[in-house]
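A.B. asks: Listed below, chain by chain, are the residues.
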Amino acid sequence: MGPPALFRILVPSLAVGALLAFAGNARAAACCGGTSATPSLITGDDAYQFGLAVSRSEIIGDAPTSGKPVFRGDGTDEVTTTYRLDVAAILSDRTQASVTVPFVSKSVAAGGTSNGASGVGDASLGFAYEAWPEWTYSEWKPHGFLFTQLNLPFAHSIYDTEAAGASDAFGTGFYRLSAGTLLRKAWRVLDAAVTPEVHYSLPRAFTDAGGSSLRVSPGFGASVEAGVGYNFVRLPFRVGLRIQPVWNEPRTIDADGARTRSSAQWVWNTGLDVGYLATTEWSLSASYTDQTLLGPAVNTTLGRTFALSLQRRWPR
Amino acid sequence: MSRTLYVSLSILTLLFSGALLACDSPLLDHVNANDVVREPLREAGDCPIAFPVHKLCASWTWDRMPTDSDLGTAQLRFWKADVGTVNGPFVDPHHEVFVKLWMPAMGHGSSPVTTEARVDASGAKIPGLYDASKVFFVMPGKWEIWVQLKTAGQVHEQAKLDVEI
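Protein chains in written order, with the working numbering: chain A, 1 to 316; chain B, 1 to 165.
Since the hints were derived computationally from the structure, they do not count as laboratory data. One or more hints might be untrue.
As the list claims (entries may be wrong) - Partner residues aside, some chain B positions facing chain A, computed with beta carbon under 7 Å:
| # | residue |
| --- | --- |
| 1 | Cys23 |
| 2 | His30 |
| 3 | Val37 |
| 4 | Pro52 |
| 5 | His95 |
| 6 | Phe98 |
| 7 | Ala105 |
| 8 | Met139 |
Note that the structure is a prediction, hence the values are computed from the model and not measured. A virtual CB, placed ideally from N, CA and C, is assigned to each residue, including glycine.
Isolated chain A (complex conformation) (with noise of 0.2 Å):
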């Protein structure tokens, strides 16, 4: 195989890996607080991977259990900006581990009142495994990645929060143990992935500004990430498309020697990606997801989200 085929296809590999452990992070969170239940993936021939990110998420409006959604007014503002760290190494050949901490800053501005909170997000801790090595090029064979995450709840949720406006509130409030997989394929300037994960958050007993306790059981929710990219050959960048349905099951409460329970959750994350990899060690990338454009969307906030990332890979 000569240079210029083996061009075509690392190129696009380097860029799909560099650009999809960015890319499936940066999604707006449904309600309230809320962060990626994939982690970050070494998908290329690398030994560590060292990624910085700046996202910035505006909520446009909200789905109800039933009937049209209601996009917010001149007078409301919710703005997350997110500086997030992540940290990816091989434990060996084919296993790997990563950490995910993000800085959150938040913002609500309500009637002419302004509130806002800083602090550290919900952290994460990843393993994957290469479960689809791909050691020979197959037209048609994936490579794939078993992967499960542990979500840490360090942030206030919308459970305790304790600041005017719920500012605080940028964590989910609970652990939750995510499982997928990855499976990716390139053929010379195209590529596709698709993600399916199932996660599932642990109860949690919280105590409210009030002093009141409730217990709360988010219980199962599930997503599929598709996505396709095309790599321009004579140029270093490449353009991306995902979308990703995601699904919740209704929350139990017990508060106040009553059981409630909520309503299910469905919300359709669409992204457009552009990524430039600058060397075979570094990357640059943009994206934006939009909650707004595909639906059904149920009983769930709706954002835009604007992201950029810089990853630094050492090879192996």
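Please arrange chain B on chain A, whose structure you already have, making use of the hints.
C.D. replies: Okay, now just chain B, sitting in the frame of chain A:
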């Protein structure tokens, strides 16, 4: 533009446009908050908020109704169910009064509401009258306003009002 890129973009554009039109897109089918007319809270009957265990009634009156862009303030009044009315005489409920906002569909509440007993010019507490402030609903939709009677953090009795923001 290469043929492959052209064909790929065309297919993707067609697929995406079809998905947008077919799949209940919030962007294409929504209402704006400024166009939504909300019915004011209408309390029914002689005892709008009933506390049968303590034989009390209460009423909730908005000073400023909250919207998705404005905080709200309200007055709470308590009277004895068998002798009082919404116009008085008002009585002390003999418990701490708390207000909790709850969104049943989402299964969560909102930021804390401040509830304070109203005082007269001398600073003395006026029996049965409370002011609720910082009433903020984190998102529009159907909410419940729970009025709780507590002692040492324990809820002795509570009652709710339904409101749509």
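A.B. asks: Now tell me, hint by hint, if it's right for this structure.
C.D. replies: Here is what the structure says about each hint:
1. For B:Cys23, the interface hint holds, the least distance from its beta-carbon to any beta-carbon of chain A being 5 Å, beneath 7 Å.
2. For B:His30, the interface hint holds, the least distance from its beta-carbon to any beta-carbon of chain A being 4 Å, beneath 7 Å.
3. This hint is violated: B:Val37 has a C-beta 12 Å from the nearest C-beta of chain A, more than the 7 Å allowed.
4. The criterion of a C-beta within 7 Å of any C-beta in chain A is not met by B:Pro52, whose closest approach is roughly 16 Å, and the hint is violated.
5. Given the 7 Å rule on beta carbons, the hint for B:His95 is violated: about 13 Å separates it from the nearest Cβ of chain A.
6. Given hint, B:Phe98 at the interface with chain A, holds; its Cβ is 5 Å from that chain's nearest Cβ, closer than 7 Å.
7. The beta carbon of B:Ala105 comes within 4 Å of a beta carbon in chain A, closer than 7 Å, and the hint placing it at the interface holds.
8. With 7 Å as the threshold, the beta carbon of B:Met139 comes within range of chain A, its nearest partner Cβ sitting at about 5 Å, so the hint holds.
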